[in-house]
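Numbering (the working numbering), first residue to last: 1 to 304.
None of these hints come from the bench; they were simulated from the model.
Quick reminder that beta carbons are idealized off the backbone N, C-alpha and C, glycines included.
Just to be clear, a hint being listed does not mean it is correct.
Said to hold, decoys possible - Using C-beta positions, here's what the derived DEER-type ranges look like:
hint : residue 1 : residue 2 : range
1    : Ile204    : Ala271    : 28 to 34 angstroms
2    : Ala236    : Gln151    : 15 to 21 angstroms
3    : Thr177    : Arg299    : 44 to 50 angstroms
4    : Glu173    : Gln244    : 18 to 24 angstroms
5    : Ala64     : Pro169    : 41 to 47 angstroms
6    : Pro201    : Asp178    : 14 to 20 angstroms
7    : Gln186    : Gly38     : 40 to 46 angstroms
8    : Ala236    : Asp260    : 17 to 23 angstroms
9    : Glu65     : Ala239    : 34 to 40 angstroms
10   : Gln24     : Ala229    : 25 to 31 angstroms
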Amino acid sequence: MVTNQQHVEQRPSTIEGVEHHVEQVNGQPLHWVSGGAGGSPVLLVHGFPETWWVFRQLIPLLAAEHRVIAVDLPGFGGSVLQDGERPAAHSSAAAAVTLHALIARLGLGPVHLLGQDIAGNTVFRLAAEHPEDVRSLIAVETLVSGFGLEQLADVRNGGAWHIGAIATPGVAEFVFTDRVRAFLTQMWFPHLTTVADAVTPADITELVRAYSQPGAWAGPQGLYASALADGDELRALAASAGLQVPVLAVDGMGMPTTADGMRSITDRVEAVLLDGVGHHVAMEAPSRLADAMRSFMDRMDQGN
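All chains should be modelled from the sequences, with the hints used to inform the complete structure.
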(Lines of atoms letter the chains of each structure in order from A and count residues from 1; the text may use other names and numbers.)
(Lines give C-alpha, C1' and ligand atoms only; values in the text may rest on other atoms or scores of the structure.)
Protein backbone atom coordinates (compact mmCIF):
# COMPACT_ATOMS: atom_id res chain seq x y z
CA MET A 1 0.00 0.00 0.00
CA VAL A 2 2.85 2.38 0.73
CA THR A 3 4.23 1.69 -2.73
CA ASN A 4 0.96 2.83 -4.32
CA GLN A 5 1.05 6.06 -2.32
CA GLN A 6 4.58 6.79 -3.45
CA HIS A 7 3.88 6.19 -7.13
CA VAL A 8 0.64 8.16 -7.53
CA GLU A 9 2.48 11.10 -9.12
CA GLN A 10 4.64 9.97 -12.02
CA ARG A 11 4.82 13.12 -14.14
CA PRO A 12 7.80 15.33 -13.24
CA SER A 13 6.85 18.68 -11.77
CA THR A 14 7.78 21.94 -13.44
CA ILE A 15 7.52 25.69 -12.98
CA GLU A 16 6.46 28.50 -15.27
CA GLY A 17 9.17 30.08 -17.38
CA VAL A 18 11.59 27.17 -17.72
CA GLU A 19 12.31 24.78 -20.55
CA HIS A 20 13.25 21.15 -19.96
CA HIS A 21 16.04 19.42 -21.84
CA VAL A 22 17.26 15.81 -21.84
CA GLU A 23 20.25 14.94 -24.01
CA GLN A 24 23.13 12.51 -24.01
CA VAL A 25 26.08 14.29 -22.40
CA ASN A 26 29.34 12.50 -21.68
CA GLY A 27 27.70 9.23 -22.72
CA GLN A 28 24.67 9.32 -20.46
CA PRO A 29 21.29 11.09 -20.23
CA LEU A 30 21.38 14.50 -18.61
CA HIS A 31 18.33 16.54 -17.67
CA TRP A 32 18.41 20.26 -17.05
CA VAL A 33 16.03 23.20 -17.04
CA SER A 34 16.80 26.63 -18.40
CA GLY A 35 15.30 30.04 -17.72
CA GLY A 36 16.15 33.63 -18.51
CA ALA A 37 18.00 34.83 -21.57
CA GLY A 38 20.31 37.70 -20.71
CA GLY A 39 23.13 38.47 -18.34
CA SER A 40 25.94 36.25 -17.14
CA PRO A 41 25.02 32.54 -16.91
CA VAL A 42 24.38 30.75 -13.63
CA LEU A 43 24.64 26.98 -13.23
CA LEU A 44 22.82 25.51 -10.20
CA VAL A 45 23.89 22.09 -8.89
CA HIS A 46 21.79 20.35 -6.24
CA GLY A 47 22.70 18.01 -3.40
CA PHE A 48 20.83 15.22 -1.56
CA PRO A 49 17.97 14.37 -1.21
CA GLU A 50 17.38 16.84 -4.00
CA THR A 51 16.99 17.43 -7.72
CA TRP A 52 16.85 20.66 -9.75
CA TRP A 53 13.40 21.10 -8.18
CA VAL A 54 14.82 22.53 -4.95
CA PHE A 55 15.74 25.64 -6.95
CA ARG A 56 12.16 26.20 -8.12
CA GLN A 57 11.83 29.48 -6.18
CA LEU A 58 15.39 30.65 -6.79
CA ILE A 59 15.34 30.29 -10.59
CA PRO A 60 12.73 33.02 -11.30
CA LEU A 61 14.51 35.42 -8.95
CA LEU A 62 17.78 35.02 -10.85
CA ALA A 63 16.32 34.64 -14.35
CA ALA A 64 15.21 38.26 -14.45
CA GLU A 65 18.87 39.25 -14.83
CA HIS A 66 20.73 36.05 -15.71
CA ARG A 67 20.55 32.99 -17.93
CA VAL A 68 19.94 30.19 -15.42
CA ILE A 69 20.58 26.47 -15.85
CA ALA A 70 19.60 24.00 -13.12
CA VAL A 71 20.81 20.47 -13.71
CA ASP A 72 19.89 17.04 -12.42
CA LEU A 73 23.25 15.47 -11.63
CA PRO A 74 23.97 12.16 -13.39
CA GLY A 75 22.01 9.39 -11.64
CA PHE A 76 19.52 11.83 -10.06
CA GLY A 77 15.99 12.83 -11.06
CA GLY A 78 15.61 13.18 -14.80
CA SER A 79 19.21 12.06 -15.34
CA VAL A 80 18.61 8.51 -14.08
CA LEU A 81 19.59 5.79 -16.53
CA GLN A 82 16.69 4.09 -18.27
CA ASP A 83 16.20 0.34 -18.62
CA GLY A 84 18.81 -1.19 -20.87
CA GLU A 85 21.28 1.67 -20.65
CA ARG A 86 24.83 0.93 -19.59
CA PRO A 87 25.44 1.58 -15.88
CA ALA A 88 27.70 4.53 -15.24
CA ALA A 89 30.11 5.46 -12.47
CA HIS A 90 28.62 8.41 -10.64
CA SER A 91 31.72 9.79 -8.92
CA SER A 92 32.40 13.46 -8.33
CA ALA A 93 35.09 13.26 -11.03
CA ALA A 94 32.63 11.85 -13.58
CA ALA A 95 30.00 14.44 -12.63
CA ALA A 96 32.51 17.26 -13.07
CA VAL A 97 33.41 15.95 -16.54
CA THR A 98 29.71 15.90 -17.43
CA LEU A 99 29.18 19.48 -16.25
CA HIS A 100 32.26 20.59 -18.21
CA ALA A 101 30.79 18.93 -21.32
CA LEU A 102 27.41 20.59 -20.73
CA ILE A 103 28.99 24.04 -20.39
CA ALA A 104 30.88 23.48 -23.64
CA ARG A 105 27.79 22.18 -25.47
CA LEU A 106 25.66 25.15 -24.44
CA GLY A 107 28.44 27.71 -24.87
CA LEU A 108 27.85 28.87 -21.31
CA GLY A 109 31.28 29.49 -19.89
CA PRO A 110 32.34 31.09 -17.77
CA VAL A 111 29.43 30.53 -15.38
CA HIS A 112 28.62 31.51 -11.85
CA LEU A 113 28.62 27.99 -10.41
CA LEU A 114 26.48 27.17 -7.37
CA GLY A 115 26.89 23.83 -5.64
CA GLN A 116 25.32 22.66 -2.41
CA ASP A 117 25.48 19.74 -0.05
CA ILE A 118 27.08 16.61 -1.59
CA ALA A 119 27.81 18.52 -4.83
CA GLY A 120 30.78 20.20 -3.12
CA ASN A 121 33.43 17.87 -4.53
CA THR A 122 31.94 18.07 -8.02
CA VAL A 123 31.86 21.86 -8.24
CA PHE A 124 35.28 22.17 -6.64
CA ARG A 125 36.75 19.81 -9.22
CA LEU A 126 35.13 21.72 -12.07
CA ALA A 127 36.36 25.08 -10.81
CA ALA A 128 39.90 23.83 -10.11
CA GLU A 129 40.35 21.73 -13.25
CA HIS A 130 38.53 24.04 -15.65
CA PRO A 131 38.84 27.61 -14.38
CA GLU A 132 37.89 28.81 -17.88
CA ASP A 133 34.42 27.38 -17.21
CA VAL A 134 33.83 29.19 -13.94
CA ARG A 135 33.46 32.92 -13.28
CA SER A 136 32.76 32.43 -9.58
CA LEU A 137 31.95 29.61 -7.17
CA ILE A 138 28.99 29.87 -4.82
CA ALA A 139 29.22 27.17 -2.15
CA VAL A 140 26.00 26.66 -0.18
CA GLU A 141 25.94 24.46 2.91
CA THR A 142 28.67 22.22 1.53
CA LEU A 143 32.16 20.91 2.22
CA VAL A 144 34.96 19.34 0.17
CA SER A 145 36.60 15.99 0.90
CA GLY A 146 40.01 16.48 2.43
CA PHE A 147 38.81 19.75 3.93
CA GLY A 148 36.17 18.64 6.41
CA LEU A 149 33.57 16.60 4.53
CA GLU A 150 34.73 13.23 5.89
CA GLN A 151 34.04 14.41 9.43
CA LEU A 152 30.33 14.38 8.63
CA ALA A 153 30.54 10.59 8.22
CA ASP A 154 32.13 10.01 11.64
CA VAL A 155 29.09 8.77 13.54
CA ARG A 156 31.17 8.36 16.70
CA ASN A 157 31.50 12.14 16.87
CA GLY A 158 28.08 13.30 15.76
CA GLY A 159 28.42 12.45 12.09
CA ALA A 160 25.49 11.53 9.85
CA TRP A 161 24.54 7.86 9.56
CA HIS A 162 23.14 8.19 6.03
CA ILE A 163 26.53 8.93 4.42
CA GLY A 164 28.02 5.50 4.98
CA ALA A 165 24.68 3.79 4.34
CA ILE A 166 24.12 5.42 0.96
CA ALA A 167 27.78 5.02 -0.03
CA THR A 168 27.50 1.23 0.32
CA PRO A 169 26.14 -0.36 -2.89
CA GLY A 170 22.63 -1.75 -2.47
CA VAL A 171 21.97 -0.43 1.02
CA ALA A 172 19.97 2.64 -0.03
CA GLU A 173 17.62 0.56 -2.16
CA PHE A 174 17.16 -1.90 0.72
CA VAL A 175 16.55 0.81 3.31
CA PHE A 176 14.55 3.39 1.38
CA THR A 177 12.42 1.42 -1.08
CA ASP A 178 8.79 2.21 -0.21
CA ARG A 179 10.03 4.48 2.60
CA VAL A 180 11.13 7.64 0.77
CA ARG A 181 8.18 9.72 1.96
CA ALA A 182 8.63 8.64 5.56
CA PHE A 183 12.36 9.35 5.36
CA LEU A 184 11.84 12.86 3.99
CA THR A 185 8.97 13.85 6.25
CA GLN A 186 10.03 12.19 9.49
CA MET A 187 13.81 11.85 9.48
CA TRP A 188 15.20 14.48 7.10
CA PHE A 189 13.47 17.80 6.63
CA PRO A 190 12.16 18.18 10.21
CA HIS A 191 15.75 18.03 11.50
CA LEU A 192 17.51 20.00 8.76
CA THR A 193 15.12 22.86 8.03
CA THR A 194 14.34 25.78 10.31
CA VAL A 195 11.84 27.91 8.38
CA ALA A 196 8.33 26.61 9.02
CA ASP A 197 6.45 25.33 5.96
CA ALA A 198 9.41 26.06 3.65
CA VAL A 199 9.17 22.49 2.34
CA THR A 200 5.69 22.09 0.91
CA PRO A 201 3.62 18.97 0.20
CA ALA A 202 4.30 19.59 -3.50
CA ASP A 203 8.04 19.53 -2.80
CA ILE A 204 7.74 16.24 -0.96
CA THR A 205 5.63 14.73 -3.74
CA GLU A 206 8.19 15.65 -6.39
CA LEU A 207 11.18 14.40 -4.40
CA VAL A 208 9.37 11.16 -3.51
CA ARG A 209 8.67 10.65 -7.21
CA ALA A 210 12.28 11.30 -8.15
CA TYR A 211 13.77 9.02 -5.49
CA SER A 212 11.23 6.22 -5.97
CA GLN A 213 11.90 5.58 -9.66
CA PRO A 214 14.03 2.61 -10.75
CA GLY A 215 17.73 3.37 -10.51
CA ALA A 216 17.17 6.48 -8.40
CA TRP A 217 19.89 5.64 -5.88
CA ALA A 218 22.79 5.11 -8.29
CA GLY A 219 23.71 8.80 -8.33
CA PRO A 220 23.59 9.30 -4.55
CA GLN A 221 25.52 6.06 -3.97
CA GLY A 222 28.25 7.15 -6.37
CA LEU A 223 28.65 10.65 -4.96
CA TYR A 224 28.66 9.52 -1.33
CA ALA A 225 31.15 6.75 -2.03
CA SER A 226 33.27 9.29 -3.88
CA ALA A 227 33.04 11.69 -0.94
CA LEU A 228 34.59 9.09 1.35
CA ALA A 229 37.42 8.34 -1.09
CA ASP A 230 38.29 11.72 -2.65
CA GLY A 231 40.20 13.37 0.19
CA ASP A 232 43.81 12.73 -0.84
CA GLU A 233 43.12 13.49 -4.49
CA LEU A 234 41.33 16.75 -3.77
CA ARG A 235 43.98 17.92 -1.33
CA ALA A 236 46.54 17.32 -4.08
CA LEU A 237 44.35 19.16 -6.59
CA ALA A 238 44.01 22.11 -4.24
CA ALA A 239 47.77 22.20 -3.74
CA SER A 240 48.58 22.01 -7.45
CA ALA A 241 45.78 23.90 -9.22
CA GLY A 242 44.05 25.64 -6.35
CA LEU A 243 40.97 27.77 -6.85
CA GLN A 244 41.56 30.64 -9.24
CA VAL A 245 38.03 31.98 -8.89
CA PRO A 246 36.38 33.99 -6.11
CA VAL A 247 34.11 32.10 -3.72
CA LEU A 248 30.91 33.06 -1.97
CA ALA A 249 30.30 30.75 0.98
CA VAL A 250 26.68 30.67 2.14
CA ASP A 251 25.81 29.00 5.42
CA GLY A 252 22.68 28.25 7.40
CA MET A 253 22.34 26.08 10.51
CA GLY A 254 23.79 28.90 12.63
CA MET A 255 27.38 27.89 11.83
CA PRO A 256 29.99 29.11 9.31
CA THR A 257 30.84 25.54 8.31
CA THR A 258 31.01 26.16 4.57
CA ALA A 259 33.01 29.37 5.00
CA ASP A 260 35.56 27.68 7.28
CA GLY A 261 35.93 24.77 4.87
CA MET A 262 36.39 26.97 1.81
CA ARG A 263 38.89 29.19 3.64
CA SER A 264 41.02 26.11 4.20
CA ILE A 265 41.30 25.89 0.40
CA THR A 266 41.54 29.52 -0.72
CA ASP A 267 41.76 33.01 0.74
CA ARG A 268 39.38 34.43 -1.89
CA VAL A 269 36.24 33.78 0.16
CA GLU A 270 33.34 36.04 1.02
CA ALA A 271 30.98 34.63 3.62
CA VAL A 272 27.27 34.99 4.29
CA LEU A 273 25.61 33.39 7.33
CA LEU A 274 21.81 33.44 7.04
CA ASP A 275 20.35 33.55 10.53
CA GLY A 276 17.21 31.55 11.17
CA VAL A 277 17.77 29.30 8.14
CA GLY A 278 18.54 25.59 8.14
CA HIS A 279 20.44 23.39 5.72
CA HIS A 280 18.15 23.79 2.70
CA VAL A 281 18.85 27.45 2.00
CA ALA A 282 17.38 27.61 -1.52
CA MET A 283 14.06 26.27 -0.25
CA GLU A 284 13.97 28.11 3.09
CA ALA A 285 15.25 31.55 2.08
CA PRO A 286 15.26 31.88 -1.72
CA SER A 287 14.96 35.68 -1.71
CA ARG A 288 17.81 36.14 0.77
CA LEU A 289 19.97 33.70 -1.16
CA ALA A 290 19.16 35.45 -4.46
CA ASP A 291 20.04 38.84 -2.93
CA ALA A 292 23.40 37.56 -1.71
CA MET A 293 24.12 35.92 -5.04
CA ARG A 294 23.16 38.96 -7.13
CA SER A 295 25.31 41.30 -5.07
CA PHE A 296 28.29 38.96 -5.35
CA MET A 297 27.79 38.12 -9.03
CA ASP A 298 27.32 41.76 -10.03
CA ARG A 299 30.64 42.66 -8.45
CA MET A 300 32.38 39.69 -10.06
CA ASP A 301 30.90 40.62 -13.47
CA GLN A 302 32.06 44.20 -13.12
CA GLY A 303 35.51 43.04 -12.09
CA ASN A 304 35.76 40.79 -15.13
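Hint by hint, which ones does the structure fall short of? Checked against the structure, the only hint that fails is number 4, while the rest are satisfied.
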